[in-house]
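Listed below, chain by chain, are the residues.
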Amino acid sequence: MPLSRYLFVIALLCAAFAARAQLTIEITGAGANRIPIAIAAFDGEGSLPQGVTPVVRADLERSGLFKLVDTGGALGESAAVNFADWKGKGADALVVGSVAAVTGGRYEVRFRLYDTVKSAALGGVAFVFAPSQSRATGHRIADFVYEKLLGEKGVFSTRIAYVVKSGGRFELQIADADGMNAQTALASREPIISPSWSPDGTKLAYVSFEAKKPIVYVHSLASGQRQVVANFKGSNSAPAWSPDGRRLAVVLTKDGASQMYTANADGSGVTRLAQSSGIDTEPFFSPDGRYIYFTSDRGGSPQIYRIGASGGSAERMTFEGSYNVTPRISPDGKTLAYVARNNGRFQLTTMDLATKQTQILTDSNKDESPSFAPNSRMILYASESGGRGVLAAVSSDGRLKQKLSVQAGDVREPAWGPFLK
Amino acid sequence: MRKLICAVLTGLLIAGCSSTPKTDAGAAVEERGPGSDAKPVETPSVAPVTPGELEGTGIAALKDPKSILSKRSVFFDFDSFVIKDEFKPLIEAHAKFLVSNPKMKMLIQGNTDERGSREYNLALGQKRAEAVKRNLTLLGAKDEQIESVSLGEEKPKNAGHDEAAWAENRRGDMLYAGEY
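In order, the protein sequences belong to chains A and B.
Numbered according to numbering that gives the first Met the number 0, the first sequence spans residues 0 to 420.
Numbered according to numbering that gives the first Met the number 0, the second sequence spans residues 0 to 179.
Calculated from the structure, these hints are not laboratory results.
On a predicted model such as this, the values are computed, not experimentally measured, just so you know.
Just so it is clear, CB atoms sit at the ideal spot from N, CA and C, and this is done for glycine as well.
Heads up, some of the hints might be wrong.
To give a feel for the contact side, a few chain A residues facing chain B, derived at Cβ under 8 Å [what the hints assert, rightly or not]:
#1 Ser234
#2 Phe345
#3 Glu367
Start from the sequences, fold in the hints, and give me the full structure.
And the structure:
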């Protein structure tokens with residue numbers, strides 16, 4: 000076979016694998032009040048290998064908080080806008096923009112956002128980008144529109160980490176929040192669990208079984224450098240970052256049963272956090288750094304507790320049912336998400352920390368590993384659909400639901416990364 | 000070096016593992032006494048390396064299906080880490096083996112079924128491994144001989160999703176150096 004043909008076959012195989020490994024998102028449900036928005040194709044966008052506005056539209060629509068209004072043709076950034084016309088078409092907001100080639104093979108996009116109801120300009124931004132960054136640019140624009148219209152930060156430019164199990168192979172992958180652009184950070188024949196993002200988004204802590212036992216590693220994503228941070232006799236697991244990124248909470252069994260310890264981010268300075276006669280695990284720092292929430296069977300069944308970040312006495316948080324595990328606090332500090340067992344079904348549940356009111360958010364059977372979006376609006380979690388592991392996301396109010404799956408394999412252990420710095 | 004020993008040992012164990020004896024049907028075997036003119040068949044000799052861990056008594060029993068020592072698994076009830084009476088003789092046999100082979104090292108891997116939190120299951124598997132270890136050390140095995148770790152729900156022996164599969168996965172496995 001000639002070399003070119005050989006390379007072509009390789010490329011095809013790679014593309015086929017990429018397609019099978021691609022996360023696809025299916026939306027089932029929508030927010031109550033969706034903002035009708037028109038996003039006109041940007042003037043000059045056709046010169047890009049891949050458009051920007053399709054990404055902006057898909058992002059906003061997927062959020063469940065916007066309804067797309069048809070726009071017709073392209074509209075440049077400085078086009079005169081007839082607000083009454085757009086209001087008549089049902090759009091409360093309008094985005095127009097222009098794309099032009101600049102030096103070095105790069106492009107510049109300029110756009111403006113209008114409030115057609117108030118007949119007001121809400122601002123705009125210019126970005127310069129390489130063609131390979133078209134999608135990233137679209138996510139930035141969607142974040143701008145989202146924040147201007149909703150008053151909270153968007154998460155379209157964030158990344159998610161998760162584990163794909165396919166055959167006997169485990170891959171820790173990092174993808175954009177829309178499931179695109181997946182990259183493999185670690186591939187192994189042994190399981191990988193509990194990925195946890197450093198607060199600055201540059202590192203992942205996780206548990207890998209590649210040495211035939213659970214060991215905690217910290218992996219710098221940009222460099223691929225990896226460090227063992229906890230490898231004591233017994234099992235090492237459940238890493239969680241302190242909000243300032245300087246400390247890690249881990250679960251070790253070096254002194255007997257699974258107990259919580261804190262350490263510096265490089266694994267030095269290991270200090271025992273709490274003492275119990277049973278299992279203490281799944282530590283998670285509150286966003287203000289004051290508390291560590293965790294799962295413990297100290298009361299006879301697994302329940303959620305919290306303890307001061309440097310120790311002290313533990314306070315029990317959950318009282319209903321005999322199995323409440325995997326506590327995660329929303330970045331705004333208001334909500335505790337966890338998994339509760341109800342009649343043999345494991346379901347994602349939230350507790351309002353102020354009122355202690357609880358709400359079951361799903362009707363599934365096998366929910367695991369909840370992870371909040373950095374703006375606290377959505378919770379990503381692992382679940383099961385058709386006998387396969389899938390990721391799902393649900394809005395904190397339970398209204399909007401999304402399912403993320405890969406064609407071949409199980410997806411599990413999601414972790415939503417922080418805002419892009 | 001340790002890796003090499005492990006590799007050699009694994010090889011030996013795998014070799015010793017095959018349960019069906021090979022029979023060459025039809026090949027005639029002729030025995031002759033010394034002094035006959037038959038040329039001896041010589042194979043280049045291989046001097047085996049005996050890893051330190053394997054110096055001891057009764058090693059062969061570990062792989063002898065007729066010996067209780069060839070059995071390695073302790074099964075548990077749902078949400079339990081109590082060792083049932085039926086597994087006590089097995090643990091006693093391995094404790095005795097560890098006592099008479101003080102250089103032998105053991106890894107105990109605790110496992111759980113797939114239900115519930117992965118990290119909580121990891122802790123539960125650890126409790127099971129720890130329970131097996133405690134019983135072994137109470138019977139005289141040295142703490143330094145045994146490491147107990149957990150695989151949680153991550154390495155199910157049975158991939159099914161029913162009670163039969165789950166029961167098979169709620170398990171502690173006793174493995175000797177070179178077997179994992």
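Here's how the hints hold up against the structure:
1. For A/Ser234, the interface hint holds, since its Cβ comes within 8 Å of a Cβ in chain B; the closest pair sits about 5 Å apart.
2. The restraint placing A/Phe345 at the interface with chain B holds, with a minimum CB-CB distance near 6 Å, inside the 8 Å limit.
3. Proximity of A/Glu367 to chain B holds as hinted, the smallest CB-CB distance being about 6 Å (cut-off 8 Å).
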